[in-house]
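Given only the sequences and the hints, what does the whole structure look like? Please build it.
Protein chains: 2
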Amino acid sequence: MNTRLRSLLLGVALVLSGSWVRAQVPSGPQLPGPTAQSLKGVVLKRKAPINREILRVRLPRPQEARLKNGLEVLLLEDHRIPTFSMQMVILSGGLADPPDHRGLAQFTAALLREGTKRRTSREIAEQLEALGASLTAASGLSSLTSVVSVSGLVESMDEVLDLFADIIRNPTFPPEEVERYKTRTLAQLQLQRTLPQLLAQERFNRALYGEHPAGWTIPPVDSIRRLTSDALARFHAAHYRPNNAFLAVVGDVTLRELLPKLERFFGDWEPAEVPPVTIPSVTPPSVRKVYLIHRPGSVQTVLQLGVLGITRTDPDYFAVLVADRIFGGGPAARLFLNLREDKGYTYGAYSTFTSSKFPGVWGAGAAVRTEVTEGAMREFLYELRRLREEPVSAEELENAKRALVGSFALSLERPEELLQNIITQKIYNLPADYWDTYPQKVFAVTAEDVQRVARKYFDLERMQIVAVGDARRIREVLAQYGPLEVLDAEGRPLSALN
Amino acid sequence: MNTRLRSLLLGVALVLSGSWVRAQVPSGPQLPGPTAQSLKGVVLKRKAPINREILRVRLPRPQEARLKNGLEVLLLEDHRIPTFSMQMVILSGGLADPPDHRGLAQFTAALLREGTKRRTSREIAEQLEALGASLTAASGLSSLTSVVSVSGLVESMDEVLDLFADIIRNPTFPPEEVERYKTRTLAQLQLQRTLPQLLAQERFNRALYGEHPAGWTIPPVDSIRRLTSDALARFHAAHYRPNNAFLAVVGDVTLRELLPKLERFFGDWEPAEVPPVTIPSVTPPSVRKVYLIHRPGSVQTVLQLGVLGITRTDPDYFAVLVADRIFGGGPAARLFLNLREDKGYTYGAYSTFTSSKFPGVWGAGAAVRTEVTEGAMREFLYELRRLREEPVSAEELENAKRALVGSFALSLERPEELLQNIITQKIYNLPADYWDTYPQKVFAVTAEDVQRVARKYFDLERMQIVAVGDARRIREVLAQYGPLEVLDAEGRPLSALN
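Quick mapping for you: the protein sequence lines, in order, are chains A and B.
So in my numbering, the last one in the first sequence is 498, and the numbering has no gaps at all.
So in my numbering, the last one in the second sequence is 498, and the numbering has no gaps at all.
Careful: at least some of the hints might be erroneous.
Any copy will do: because identical chains look the same in the list, a pair fits if it lies in one copy or spans two.
Unchecked claim - Derived DSS-like pairs: lysine-lysine, alpha-carbon spacing no greater than 30 Å straight-line: (1) Lys426 x Lys68; (2) Lys117 x Lys343; (3) Lys261 x Lys117; (4) Lys261 x Lys357; (5) Lys343 x Lys182; (6) Lys182 x Lys426; (7) Lys289 x Lys357.
Derived from the structure by calculation, the hints contain no laboratory data.
Since this is a predicted model, take the numbers as computed values, not measurements.
Rendered as structure tokens:
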């Protein structure tokens, strides 16, 4: 190629604004072709009294297609590296567990790779190794979905798809593998029970959610003991169906190349009627309560407190997001500055905010030295009251909003985050421009919104408080905050200490 | 723009093979301009008796420049998203600690952001939040470097650089912040001492490295207690110098835009003579020894065993990398298949392989149920002997090599991994095509190489073995493997149990 021509081509490439532009080029006349798009385009928008710059983005839209059996496919092309990642999202998770067999979705996902009609567990592990691919499958006790993910090199996409489809479609749950899974999971749970953070989380979720699936943090031991190959096969046959799933792909492949491969490996995957999953309603706790899990001789107290929050699609979502950031969402938030920087009570104090199709949690916690348990509780309550009773300052508000938008922008560097955004959008049926307008939605939140949602949701009279530590040293402190129940690590009341 | 012209431009963009192509376009006539490069280009290379495909890559070379004060700058352009990340790599880490003040490099890095001549700790946290930027600073007890990293939006690059330079150049280590750091770090160490994995690691490193800096896993309590603002300021003044550092940048910026900014914020950072850091030599243990840390009532035994390995630039590096992958480097490796899949002793059993400018560790470990401690030890030894005494099968070898190359290729998706590779290359003075030829170097390893390095380095007569668990239940088992010393969690001999 002569030099002038090369310069010209390179010059043209410089004018275009990112690989995502090319990702959006229609790959053939028969496919719906979105127009060229750019991730960039920052504009300055001056608005008295604060000059602020709002990041304007237009994220790549996935290409959409459907296999003949109804399986929906979403593809985001990315041609920088000859690799791909894909996630098969099954629209049944822990929320589809039978009430008398909590954890079944999680166990099913975990055991998919332990043997299929054509491959033993060992062969699956060896073939993944040979393909340089990695595969995970997971669900949760209260999750909406079960997800099987794989990534690999495009040069071996056929072999990886063969394995991926086999695991999703033909698992056999061999009884000897089920027994091994039970043994190692029971041993693992026994170890987890020695971790105070896990014990605090477990009691906290139970206090907020009761018998709702989200009330479970780890699967009940009895559920694991009763696990059989048949139960797994039944859950799999009922829920792992193309009409109850979608496949999201990012990588160095066009839709025209991808679809024939998918038809080959998933085309004869048979649809079937899937049992409807109803999301159980949540009954919020009616009064404040304090749970203390006794760990004799503990040098620390793990504190966790909070309330039921909102769903992912609640109109207050962005107001709570900003309020949470100001309250305890990072190292510039009030909890961190107060409990760690100012008082030195802890290595870190944070709030958490989760959401799903059912109300999530809005809470806060820290592991503090036993002797400062009283001070830590006082400061948590002080910060909660302040958030409810005073509007946040203009500076705090602006900083929190910029921080949220900044980390959103930085997350867009990673293809897997873009894929995750697309999956979230699909699961919650969010509008097509949801992520494009994310910065604008964050910046629209006002100080009044923050105070309003703090008052509305963080109801101190219904807050649940959990402490894990030495009850003999901290019981009196905690009893000041509400009716107190002292428990052992297994959750049994310790009557001698109550 | 008319449709034909747009199609033409898009067509041209499709011909080019990735955003890295554009990243390599010279940004001005005065700068050295590497030619267009591609991350792609997989070729099939058939070689009897196994057909294998070797990934051929040519990774983007960073653009290099130097500020007037000598600070070296490496830039990898990436114009997909309007963000940037940079790492200031200071070429002094824990290896530069005074022998009587272990941890000083680590403490210095951790306290950089706790106050400067122009900003308080709180102002730093708030300004980072306001800029939507994130900043970390860290070193280790035996690390070669101290690294300050920041990432943010290009729209606020000037403000971020102002803060970044202030933290690197003007920290004041305010005495009250030093006191807070001491309080929370001492509390944190007390908690870490309750974790059996940490106790095992600590004893294991001490057994292999003795008084070498790598013999320390967490800083000695005494070092923290004696910490002063003056000691930090002295370490900082001696080592944080432009002639003892380089700056690696990836992001949506050209060298022409970047250099004037860097001159503005770092141009008057003064060079000075930096005390030379000598890397202390390591004396390998001369005999096998077993350490047992007694945790009464523990339901598990944490096992860790291993030997001193090799340096990062050792010609045997790739042979050990492949041998380690086969031995215990993942879920298709021998340790995992044997101890977990076959025997069900543990949730996971893995080997580890580290390297630096001094010899690293080649080891293995697992947390197993107390009652199977004997079986687990037997299988670890069985797998070690097998690796030393029999050549690995052609299939295992091929699979391990493909897995290593596959995960290498997948890592190239992430800009921060590319930056990390460039930093590693710089620190160890690796050849310019080191990462391009990584797949070829992996594939060149033979079964004879694997056996040779296993025999050469994994010397069972000098292996160190550490167990953390209930000594009353596992002491007899462990005593079979060598001279046994029983210790408490603080490392003191437990004479009653010895």
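Numbered hints the structure breaks, given as an ascending list: 4, 6
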